[in-house]
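Peer 1: The primary structure of each chain is shown beneath.
Protein chains: 2
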Amino acid sequence: MQHVMPAAGLRSDFAAALSGRDGSGPPISRSRLDNGLEIVVIPDRRVPVVTHMVWYRNGSADDPLGQSGIAHFLEHLMFKGTERHPAGEFSKVVSALGGQENAFTSFDYTAYFQRVAPHHLERMMEFEADRMSGLNFDEAVVAPERDVVLEERRMRVETDPSAQLSEAMAASLFVHHPYGIPIIGWMHEIEGLSRKHALDYYRRFYSPDNAILVVAGDVDPADVIRLAETTYGRNTPHGDRSERLRPREPEPRAARRVSVADPKVEQPTLQRLYLVPSSRTAGNREAHALEVLAELLGGGPTSHLYRTLVLESGRAVNAGAWYMGSAIDETRFSAYAVPAAGVSPAELEPEFDRAIASCMSRVSEDAIERSKTRLIAETIYSLDSQGSLARIYGSALAVGETLEDVRRWPEDIRAITRDDLAEVAQKFLTSRRSVTGYLLKDTSC
Amino acid sequence: MQHVMPAAGLRSDFAAALSGRDGSGPPISRSRLDNGLEIVVIPDRRVPVVTHMVWYRNGSADDPLGQSGIAHFLEHLMFKGTERHPAGEFSKVVSALGGQENAFTSFDYTAYFQRVAPHHLERMMEFEADRMSGLNFDEAVVAPERDVVLEERRMRVETDPSAQLSEAMAASLFVHHPYGIPIIGWMHEIEGLSRKHALDYYRRFYSPDNAILVVAGDVDPADVIRLAETTYGRNTPHGDRSERLRPREPEPRAARRVSVADPKVEQPTLQRLYLVPSSRTAGNREAHALEVLAELLGGGPTSHLYRTLVLESGRAVNAGAWYMGSAIDETRFSAYAVPAAGVSPAELEPEFDRAIASCMSRVSEDAIERSKTRLIAETIYSLDSQGSLARIYGSALAVGETLEDVRRWPEDIRAITRDDLAEVAQKFLTSRRSVTGYLLKDTSC
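As they're listed, the protein sequences go chains A and B. Each number in the numbering used here corresponds to the 1-based position in the first sequence with 4 added. Each number in the numbering used here corresponds to the 1-based position in the second sequence with 4 added.
To be clear, the hints were calculated from the coordinates, so they are not data collected in a lab. Mixed in with the good hints, there may be bad ones.
Since the list gives no way to pick one copy over another, a pair counts as held whenever it fits inside one copy or between any two copies.
[What the hints assert, rightly or not] List time: in silico DSS-like cross-link candidates among lysine-lysine, alpha-carbon distance up to 25 angstroms:
(1) LYS431 to LYS268
(2) LYS376 to LYS431
(3) LYS445 to LYS96
(4) LYS200 to LYS431
(5) LYS84 to LYS431
(6) LYS376 to LYS84
(7) LYS200 to LYS96
(8) LYS431 to LYS96
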């Protein structure tokens with residue numbers, strides 16, 4: 005267990021990072037510009053680097069009906085230049101400054117970030133504020149970039165049976181909510197995305213009052229706020245203030261199964277999704293219990309699923325579980341197993357089901373405590389990266405959690421009991437809430 | 005086969021009804037009022053009765069996101085009175101005149117009809133035009149009626165495992181399109197329907213330019229149009245002219261399975277849905293081929309599925325198939341089998357699959373011809389009812405088909421060949437496009 009026990013120094017960093025009250029620096033600061041831009045500054049003096057992120061409170065689940073993929077398409081277009089800066093200039097500058105940049109689109113948010121030396125922060129803010137309002141929507145840019153996205157989908161999904169199974173399972177799990185639609189979008193809807201769609205979407209969501217600026221690093225909060233005022237402060241709010249329209253899933257009643265058979269499949273797998281509450285739809289206790297349960301059930305080689313199916317029976321070569329807890333609406337809890345040679349997913353399934361069902365009656369108190377320690381420790385390690393630190397705060401705020409939720413997280417996880425785990429396991433890991441997936445080798449052709 | 009061969013008299017009636025050109029009366033007339041109301045008059049002098057229908061081009065698939073069930077809720081509210089006529093008066097008048105009335109909500113349309121003696125037609129039009137614009141939306145009416153709908157759902161779905169399986173299968177078949185949402189709505193969304201939702205919906209859709217008036221009976225088209233002008237003509241158009249927003253399904257890639265187990269189940273069943281084109285998304289030839297295929301595969305005791313599974317092997321006690329061809333968007337083709345005592349749905353499934361797969365290679369030319377004759381004959385018989393006659397035209401026009409499509413239907417069905425059938429069977433009845441459902445007895449409690 006050596007590798008998951010945090011060193012004392014890290015533990016102290018963790019507390020410092022999460023509370024901002026280690027005495028060595030200013031606390032985490034949260035403020036708001038007049039135009040609605042929310043600002044969070046996270047002191048992190050360990051390295052002479054600053055992480056600059058802008059989080060927009062819109063993700064693929066906010067894509068208008070029939071325009072799936074548009075959040076992700078906008079993420080692409082954000083790199084295609086503005087009226088003031090031609091395509092590629094921003095990226096070239098980041099690179100020339102020895103920095104890094106990236107962006108990602110999730111179900112609930114879209115985020116952009118750069119990592120540079122602290123004295124370049126203002127320049128990053130100028131560029132980022134500029135593309136928040138002055139993006140170039142020339143048809144000459146939009147149409148070729150749509151082709152890039154189509155190609156991305158072709159590469160990632162259309163030629164990958166495993167991705168196809170994931171999409172089909174999510175579509176079966178979420179019968180009503182847009183979490184069932186792939187982030188990248190359905191092929192035929194990406195094909196239909198137009199310049200007008202992109203522009204309407206940009207005008208609706210790319211507005212300072214829909215964004216959160218997260219700056220982590222060796223910076224003074226007052227400096228960051230001042231810089232934000234002279235850069236982002238010039239952006240006029242124009243976002244659609246209407247509430248995110250998120251239909252709620254009906255109560256699940258039917259066990260569902262999905263299978264994809266393809267000649268390209270080399271390794272069949274057995275997968276399972278359950279519809280479960282997220283940190284926002286459940287009380288924290290239920291969401292945290294599901295986090296611990298995923299770790300206990302399927303977090304690595306000491307987990308219950310791995311021990312039972314791989315080490316004890318040998319009928320699987322891998323097994324695990326995960327929980328997507330940070331989400332605005334009801335979310336997914338997943339378990340999976342990779343059958344050993346000669347064992348089909350269908351043959352493995354009864355044993356897999358028994359392993360899931362027996363988890364809480366078979367694990368020791370010690371295993372539960374180790375799971376909690378592991379979860380917390382993994383987060384501590386991830387905080388070594390300033391990017392992860394900023395990401396934890398940004399994603400939490402973007403889905404509507406509070407700084408206090410983040411700060412309390414380790415003690416909340418510690419407080420989870422065996423009864424909490426047994427309760428969520430019994431309540432949510434039921435066949436009625438489930439989709440079972442088989443990835444199979446198609447040998448008919 | 006005696007019972008499916010139409011009598012010469014009926015055949016002539018059929019041609020007359022479909023073409024309106026039997027020489028004995030005026031042809032079917034189609035016109036439009038200035039306010040956009042479309043009018044179709046179908047001469048039918050067989051009985052001294054008139055059928056008066058109003059079709060609105062909005063059904064449950066047009067329910068705004070998060071407000072599932074509102075089309076059906078409006079259908080209920082349409083019986084709750086207007087400013088001029090209190091709740092129940094319209095129904096009382098129809099009944100006092102010896103008439104009949106009803107209403108129905110489908111995926112693509114909502115319709116209201118009365119059947120009365122021809123000289124009462126004007127009175128029906130007055131009432132119907134009145135509730136097209138003057139509906140009562142007092143909270144005292146809306147809230148109790150919502151409870152009525154909730155009770156209807158409880159009775160029809162919540163306590164019926166078979167209805168739950170149907171809902172879950174449709175939700176799995178349509179991963180993106182609202183045909184996957186039940187017409188009556190999801191329970192938690194019906195609960196949320198407010199007076200404001202209902203009023204907004206009514207204002208958007210209940211407008212003369214969104215409606216089709218269909219009058220069948222012993223009437224003169226000129227008289228009907230004159231009456232329509234003095235009644236419906238007073239309604240002001242105010243509908244939302246925006247196109248119906250109907251997302252297209254992604255290309256299906258995964259075979260899906262759904263099972264519902266319940267102690268109340270007495271008779272397990274095996275069900276299958278395939279995503280297939282409708283009359284509007286396919287060319288007529290494909291849709292008509294699917295109609296014939298459903299009849300050939302599962303239309304009654306001479307069909308291929310029944311013969312194979314019930315008469316030959318005896319492993320099922322019933323089997324059949326149907327196709328919901330008249331729809332705006334991609335639709336469902338269904339096949340089912342009821343296993344014999346001691347046979348589980350899972351045990352029956354391989355044989356069921358083989359029967360579906362072997363259909364086109366095993367049926368005779370004669371069986372194909374008989375299926376087409378049967379289909380056409382069933383429609384002829386249904387035309388004996390004036391209500392069915394009006395309904396065929398109303399539903400066709402409401403989903404965007406033309407009078408010519410209806411007129412040509414018998415000859416189009418006749419023209420379908422074995423090759424057409426083999427082509428649609430191979431193209432659409434594939435596991436990737438399918439959802440398989442098991443209704444099972446839960447014996448665990």
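Peer 1: Could you work out which earlier hints the structure fails to respect and list their numbers in ascending sequence?
Peer 2: 3, 4, 5, 6, 7, 8
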